[in-house]
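Q: Single-letter residue listing:
There are 2 protein chains.
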Amino acid sequence: MKLSSKVDKLPYSPIRKLVPFAEQAEKSGKKIYYLNIGQPDLPTPEPAIQFLKDNIPEVIAYSHSAGMEELRKHFQRYYQREVGVDLPLSAFLVTTGASEALIFTFSVLLNSGDEVIIPEPMYANYIGFSAVVDAVVKPITSRIENGFALPSVDEFEKLITARTKAIMICNPNNPTGYLYSEEELRQLAEIVKKHDLWLIVDEVYREFTFDGRKHISVLTFDDIRDRTIVIDSVSKRYSACGARIGLVVSANEQFMDAVLRMAQARLSPPTLGQILSLGLLQLPDDVIKSMVKQYEQRRNVTIAELQKMEGVIAPTPSGAFYTVVELPVDDAEEFSKWLLTDFDYEGETVMFAPAGGFYINREYGKRQVRIAFVLETDKMQRAMHILSVALEKYRVMQP
Amino acid sequence: MKLSSKVDKLPYSPIRKLVPFAEQAEKSGKKIYYLNIGQPDLPTPEPAIQFLKDNIPEVIAYSHSAGMEELRKHFQRYYQREVGVDLPLSAFLVTTGASEALIFTFSVLLNSGDEVIIPEPMYANYIGFSAVVDAVVKPITSRIENGFALPSVDEFEKLITARTKAIMICNPNNPTGYLYSEEELRQLAEIVKKHDLWLIVDEVYREFTFDGRKHISVLTFDDIRDRTIVIDSVSKRYSACGARIGLVVSANEQFMDAVLRMAQARLSPPTLGQILSLGLLQLPDDVIKSMVKQYEQRRNVTIAELQKMEGVIAPTPSGAFYTVVELPVDDAEEFSKWLLTDFDYEGETVMFAPAGGFYINREYGKRQVRIAFVLETDKMQRAMHILSVALEKYRVMQP
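If you read the sequences in order, they're chains A and B.
Using the numbering used here, the first residue of the first sequence is number 1, and each one after it goes up by one.
Using the numbering used here, the first residue of the second sequence is number 1, and each one after it goes up by one.
Hints may be right or wrong, so weigh each one.
You can't tell identical chains apart in this list, so a pair holds if it fits in one copy or across any two.
[To be verified] Straight-line alpha carbon distances no greater than 20 Å define the calculated SDA-like cross-link-like pairs of lysine to any residue that follow:
id, residue 1, residue 2
1, 9, 111
2, 2, 138
3, 73, 90
4, 53, 43
5, 308, 43
6, 138, 43
7, 193, 1
8, 30, 378
9, 9, 112
10, 193, 157
No wet-lab data here; the hints were simulated from the structure.
If we strip away everything but chain A, and leave its shape as in the complex, we get:
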């Protein structure tokens, strides 16, 4: 009566590890600025909520396993308009959040023991999903000194073995906020062609780019069209994480046929979230643009404050709503815990995600935290001030 041996490889969520300490701090009356998770504070656009309320059917039934046809058509048009690719309807399959899109993709591509190369720090759940299918994540470390740019082709090629099936990136990156350049993406394209690999790109933060920079989707590269898989979601783009509506996109018919069979086994994605998404995808473009503008201001404030702090290394992220910074502490997890258990400034403190959990080579992340700039600018400013006071106090305390 044993469990599967895969279970030992299932990580506990790094962003939830400190939650019990936060709960304790809340109970003791401390106010916490939660910068540890990617849960935006912006309201889900009200017209879409109204659309949902107006369109709840009498019988909340299963939808098509690939998602409502009308919703898939909306996504198809969005990809034509915003991403610049013309794909058949069969290239789109609606999933229960990007999470399920990732599980389907890993399940369809990877046998037990197969390898996927992913730059670290990486979204921690990639490690969890690979454990579920008993595959192996080979990390390739991107460095804070380089602003978390893509490692060189050489470094990728050193990791490729007979078991390597895919390279995966997140663009813009969670947790680093790094936006990959066209040159870097072309580098990846050449590697996957040369070594006959799949390229999986998580583009859920696609819209979140700053300083006028434009996101480039690998779907626009015709020469790797058949080996490219894109993961997408409405969660972050519309502040609708709880809708659990994601998307797998690929022009590879054989891949999509296998994904559809997996999708049929689980019957259908959530109907209510799909109706909400129908409302979301009908919103005018400026809804997202104004959201992104707000995140850019939050980033500006956050990074400016961080770069003033002595001993803090804070690259400027060009996308998403995260940044990974190095703190002048020996152990960022201990420090993050201390912020919750032993520190407050005028009754307030901050919560970060220690970055160790985003690395497989944990030592690289030992002094780093991920900060999600998901609160209003004045709150971000205040949170950064609290951090600077905390760092000062922590420094003095150290022997």
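Given chain A's structure and the hints, the job is docking chain B onto it.
A: What follows is chain B alone, placed relative to chain A:
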């Protein structure tokens, strides 16, 4: 750039195989009685839909990975009241439909190559989920001549090997409608104890029992408490399939801890479906009771008509809303297709799920179909009349 070898084992959904022919028939103006899928026609209870509309939050955010605490507490009380078991809150984890509950359970219990014994005919997606984790379903055939009762202990023991990790049943059964007796469940309890196996029971149709018979949950057996896992869902009970809210229930802490880690990787079950479910679980008991009464009447009409037809073997199901019947035809899949492509009676026809897809030993199901009694009694009556006319015509046509 190959796909995983698991993909070859992923079945196409047997209930969707004939869908293109149905679409064609609809286009040609034929009216179809859809008895092929378990999508009830009853409205989702209106007070719960109103509750949802009244409680959509401003930010549709992730919930706790195990589901909203309030919802888990509702389930906990429901299990005390209706199932008769007192379990800690940690024994309940909310999933994206029973489908995800099954995927989590299979992933946590089964390594690649491990075996699970399941009576056939079985819910076809069990085969799909086992393919996803690269496990092996060992079917044990239940016979229509015995009304699909549980096979003997001897037959189970013949199938147990060193790789066997679990026995699984669906009670009441989809596709047969068979309701297992206390004696049969005790038999299973003794086998799993003797051979140190897990017992997985899919109880999503728990409330659907007829003729005054009572469903017995394996959770009430104290001697196997630690090796028992129950799968549940609000889908069928409340006609809310599209909500995608299911449940894993187990008193085994190690198992639930592993399931929680899987749940954390996919972040959260759908928030909107959970809010709807909060509304559903506050409904008075008689809502379900009156639904079940309607299904009992539908069953009565359906079975009475079937038992009148020459050459049809139709056991009387005591639960769920399905029945598997044997038809006087050589190939039930061919016949089911013919009903859509070549037959009509006054412009109308019926659609069934050929039972072959519910068997691994397909020859046992060759002459059988699954009929879901999910339409009103007069429609069921009419559909059965159409079937009897069709069988007569088909008989005459045969050489």
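Q: If you check each hint against the structure, which ones fail?
A: Of the numbered hints, 5 and 6 do not hold.
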